[in-house]
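Okay, here's what each chain looks like letter by letter:
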Amino acid sequence: MKKVLLATAIASLTAIQSHAGTVTTDGQDIVLSTKGGLSAKTTDGNFAFKIGGRAMLDYNSYDGVMNKAGDTTGSDLFFRRARIEMGGKAYDWSYYFSYNLTGGGSIEEVRTTYEGLGQMAHLTFGQQGESFGLEDTGSSKWFTAIEESMPSNAFDTGNSVGVKLHGANNAITYSLGAYKSAIDSNNDMDTAVTGRFVYRPLNDENGLIHLGVGATHRNGVDARYHALLGVRGGESKTANSISAELDNTTGTRDDYNVELAARFGSFHAMAEYFDGQIDPDSGAGKVKANGYYVQAGYVLTGEQRGYKNATGSFDSIKPHGDLGAWEVFARYDNLDVSDSTGAATIAANKANSWTAGVNWYVNPMVKVALNYVDAKTDQPINGEDNGQAVVGRLQVAF
Amino acid sequence: MKKVLLATAIASLTAIQSHAGTVTTDGQDIVLSTKGGLSAKTTDGNFAFKIGGRAMLDYNSYDGVMNKAGDTTGSDLFFRRARIEMGGKAYDWSYYFSYNLTGGGSIEEVRTTYEGLGQMAHLTFGQQGESFGLEDTGSSKWFTAIEESMPSNAFDTGNSVGVKLHGANNAITYSLGAYKSAIDSNNDMDTAVTGRFVYRPLNDENGLIHLGVGATHRNGVDARYHALLGVRGGESKTANSISAELDNTTGTRDDYNVELAARFGSFHAMAEYFDGQIDPDSGAGKVKANGYYVQAGYVLTGEQRGYKNATGSFDSIKPHGDLGAWEVFARYDNLDVSDSTGAATIAANKANSWTAGVNWYVNPMVKVALNYVDAKTDQPINGEDNGQAVVGRLQVAF
Amino acid sequence: MKKVLLATAIASLTAIQSHAGTVTTDGQDIVLSTKGGLSAKTTDGNFAFKIGGRAMLDYNSYDGVMNKAGDTTGSDLFFRRARIEMGGKAYDWSYYFSYNLTGGGSIEEVRTTYEGLGQMAHLTFGQQGESFGLEDTGSSKWFTAIEESMPSNAFDTGNSVGVKLHGANNAITYSLGAYKSAIDSNNDMDTAVTGRFVYRPLNDENGLIHLGVGATHRNGVDARYHALLGVRGGESKTANSISAELDNTTGTRDDYNVELAARFGSFHAMAEYFDGQIDPDSGAGKVKANGYYVQAGYVLTGEQRGYKNATGSFDSIKPHGDLGAWEVFARYDNLDVSDSTGAATIAANKANSWTAGVNWYVNPMVKVALNYVDAKTDQPINGEDNGQAVVGRLQVAF
Chain A
1 MKKVLLATAI ASLTAIQSHA GTVTTDGQDI VLSTKGGLSA KTTDGNFAFK IGGRAMLDYN
61 SYDGVMNKAG DTTGSDLFFR RARIEMGGKA YDWSYYFSYN LTGGGSIEEV RTTYEGLGQM
121 AHLTFGQQGE SFGLEDTGSS KWFTAIEESM PSNAFDTGNS VGVKLHGANN AITYSLGAYK
181 SAIDSNNDMD TAVTGRFVYR PLNDENGLIH LGVGATHRNG VDARYHALLG VRGGESKTAN
241 SISAELDNTT GTRDDYNVEL AARFGSFHAM AEYFDGQIDP DSGAGKVKAN GYYVQAGYVL
301 TGEQRGYKNA TGSFDSIKPH GDLGAWEVFA RYDNLDVSDS TGAATIAANK ANSWTAGVNW
361 YVNPMVKVAL NYVDAKTDQP INGEDNGQAV VGRLQVAF
Chain B
1 MKKVLLATAI ASLTAIQSHA GTVTTDGQDI VLSTKGGLSA KTTDGNFAFK IGGRAMLDYN
61 SYDGVMNKAG DTTGSDLFFR RARIEMGGKA YDWSYYFSYN LTGGGSIEEV RTTYEGLGQM
121 AHLTFGQQGE SFGLEDTGSS KWFTAIEESM PSNAFDTGNS VGVKLHGANN AITYSLGAYK
181 SAIDSNNDMD TAVTGRFVYR PLNDENGLIH LGVGATHRNG VDARYHALLG VRGGESKTAN
241 SISAELDNTT GTRDDYNVEL AARFGSFHAM AEYFDGQIDP DSGAGKVKAN GYYVQAGYVL
301 TGEQRGYKNA TGSFDSIKPH GDLGAWEVFA RYDNLDVSDS TGAATIAANK ANSWTAGVNW
361 YVNPMVKVAL NYVDAKTDQP INGEDNGQAV VGRLQVAF
Chain C
1 MKKVLLATAI ASLTAIQSHA GTVTTDGQDI VLSTKGGLSA KTTDGNFAFK IGGRAMLDYN
61 SYDGVMNKAG DTTGSDLFFR RARIEMGGKA YDWSYYFSYN LTGGGSIEEV RTTYEGLGQM
121 AHLTFGQQGE SFGLEDTGSS KWFTAIEESM PSNAFDTGNS VGVKLHGANN AITYSLGAYK
181 SAIDSNNDMD TAVTGRFVYR PLNDENGLIH LGVGATHRNG VDARYHALLG VRGGESKTAN
241 SISAELDNTT GTRDDYNVEL AARFGSFHAM AEYFDGQIDP DSGAGKVKAN GYYVQAGYVL
301 TGEQRGYKNA TGSFDSIKPH GDLGAWEVFA RYDNLDVSDS TGAATIAANK ANSWTAGVNW
361 YVNPMVKVAL NYVDAKTDQP INGEDNGQAV VGRLQVAF
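Protein chains in written order, with my numbering: chain A, 1 to 398; chain B, 1 to 398; chain C, 1 to 398.
Hints in this document: simulated from the structure, not taken from any laboratory. Only a predicted model underlies this, so the values are computations on that prediction, with no experimental measurement involved. One or more hints might be untrue.
Stated by the list, open to error - 30 Å max Cα-Cα, derived DSSO-like pairs, lysine-lysine:
(1) A:237 with B:180
(2) A:308 with A:141
(3) A:50 with C:180
(4) B:180 with B:288
(5) C:68 with B:141
As the list claims (entries may be wrong) - Heads up, incomplete: computed chain C residues facing chain B, CB under 10 Å, no partners named:
(6) 86
(7) 112
(8) 202
(9) 266
We put the CB at the ideal spot given by N, CA and C, even for glycine.
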């Protein structure tokens, strides 16, 4: 009887194989996975490949000071981001490609990391985030609000081509990098140097406390601080900004920031303060800016906001139940460019905004967000000194 | 004896595995497939991923009224389309990315569909076809002729960013969508609303009869109807068009169409009529156009042209034999913009063309097509009122 | 006892499957592989798919005649190339897509090959390399020096849209193709015809000797020969060139070359001579150029430089040991445009350069290169007639 069972078991295995076709490898065992994208990794950890992408379809409706056309309602429906992403590794080297499909196509990131020195000393080469600011260091997929705060926007270093030394353990995360910022009149590179240090006095099942500081020194950059007033539709073609600028001038820019964040269960909060100034390469005057934001959020369905020690930044919320995860949050932003001197052109000396919203993490691939934004400026732009916006997003990330 | 056989069977299984390497997953079972591209789906139907692409290499040789340079032979060899395409799903949500590699890169489609309401009520968000017209709703990979008809070209809505409700069963296909068409002077969105309804009185092993109607209402669009005269090489830089236009004016456009199609065995036929007019946002006059085409095709090797209920459109021909599938077809096009009034600039009041051709579906990935086009206009353009073209295509789709 | 063992064996197989998830196919057996990218092929050889890419991050530091800004040090850090690449096959047809992510995105290659006539007669359609010159026919991933020689640069045909007949066995490699070179004033295609023939009198375990000749005839092309003086950072915006040009004129260009190469164990050497002239389509004068380079390299760690009969070109070095493969090389370049006549604008009649460098093939995915370049011109450009450069590269290819 047992023999018959065994024979049947083997026969059925064979039958399945002949009907369905087998998948084998040319060497090491592979684990394959799809959650909307596709990944493959060898079980010995030597090789890996992953392909995915993201698309964020945004709707903006906004009026008052947010709309360049004056006190009428502006609106837009557009892709805030759409990218194809690939990553992989061979032994101690990993890589990541992220290509923007919007705006005619551009490189978002192309970088490779040497991991052979261990978790405390990774070396990343290529176009990459500089890791300045808590909000900006996190993935755009998992910002709590649809848009970054005004100070994060104004002090954003963007992605740059360079090299970064970085590392992390449970208690600290650090990064120090040098990047190309411009080419000068001798055809020589101008550089930016950016560093960040994060300390976590608490980081276990009881909760998370995150303290961070960062600084960046940048040569040959535009003499301007600039932030949109909460909406992105149409960018500066249709939406107003708070900004201070020494026109057509480059300068040396020095910015620093302080970060504070915490997570206890489903509650999370974060705040950052930024301060900086730009000394023009020629002519008089300075451009100065400072700002801060404070944000708190709560996941109604009990999940916890993710956090990555490796980057010292918040990450995704993975829904547990069939109805997804639901999160509410509020944020207050403040940005001030009023200390700028000389011939600086200023649109609004000071601005602040309130943002409140709800996020629905439908499944691991889909997120829906709805935000309300109320922004004020200290002086009218085109006759308006306050404005409101409703912003919606449908995000697919795989 | 049996025990030895069993032991041998197991030993040989083990031997194969140790030589070749196994492929497993981190969770649900996966079915992998390659037919030139690559796809993976979990057997529980919850997750899927697919990557592929298409390239169409076209040769055009054309003279007479088709050539802007007058009665000489123009020619071009170019990529009509080259795209990378990715799709996938997670639970009730699917997505599709299609990126144009030609012309410096652009988004062809980035869309996500909520399928949780069943086949009769899908909701698709993002950049997508509007589903106006039978020919235009089908995939460009499986047009019978190399180029769409002149009226399909003139009334093509293109792909737009918006939301579409759509559904289908064996008898009907419908779609209704709202899309961004432009941004007005208040920075507010102009919209287009497009609907289509298809009824199939016959749709079984005896044959297919397809009846359809569609309409689109579009604000803030260019006050122009325009169709190339059969060739695409060099586009409007080198090839003439039939067109009527109120220069530098936008307007409100209202178009409708009627569709009729049938398939009996290897025979298939389709016809469409289009009619529309544009009321300018300022100034006098109207731009009006109407047109139709009639097409019939036959697959000599006995295969049947595919048809998708979900979109109410024709699809691929899958070759059965080693020599591929061979198809012949003929089409008559007519387009008339002569009813346009006011200061409309008109190049050719009326045009018609005959297209005849042969398609060779070499294998599931490769298609070769050769078309002959004979076009006439009611009035000469640059001294010519008729022209002929030979158009060839090599298509790879995976 | 044996029965128990068998039962245990089957039970454990089943257990692994239920924990990890199985991967099967919808038809033929598939072999999957990842070495940083991903490939899948059916075991019957009918279908295949591969996705990968390459990124080359270059640092240039250069002075003297190489720098347009005069005798100061110029520098740049930039992506020399960043591409996503896909390939596959269905029966006798294969395809290859390579898309440049740099410069806003462009097609590097989109081609399909009919392989049904055997190794001696492949037909490749689409945008492809024309196979003119030994160095240029090889992959940019496996050039020995970071940049091609000056004559290879000046006589590079680039990638073109057309059709190429090509084949190879152990002793010979040939190619003959026709390509679109321009569109003339009648909107008719101008063409280029390019051929190459390689003979290998020795090609076995004892060594390799490669003899080759090539020629190209090109209509409607720019009347110019041009080569950068060893560095690419900033291209012609910041770096000087040797060039001769009849301004704003097109012409008919006729170039030929002779190739000589050898490989014995870890030693490899190659040399090419190029000669060409351009007759302008209108006006007097001619643009003429000739040049050569000689290069020798040695792999210190004992590996052999790869060579592909199919293309008649050198290929990658695959490191054997844990420390990777190390290679040293030197090259002498010479380019002369002094025989140009008429109103030709000339920047440097003659130029030569020495390049020496070391390559570290870290693993199958990563290559690091460091080159020193010393270039001289026969007449000063901006007061300088010689210059030096240090060029570094970090390459990821998967």
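>> For each hint given before, does the structure comply? Return the numbers of the non-compliant ones in rising order.
In response: Hint check: 3, 5, 8, 9 fail, others pass.
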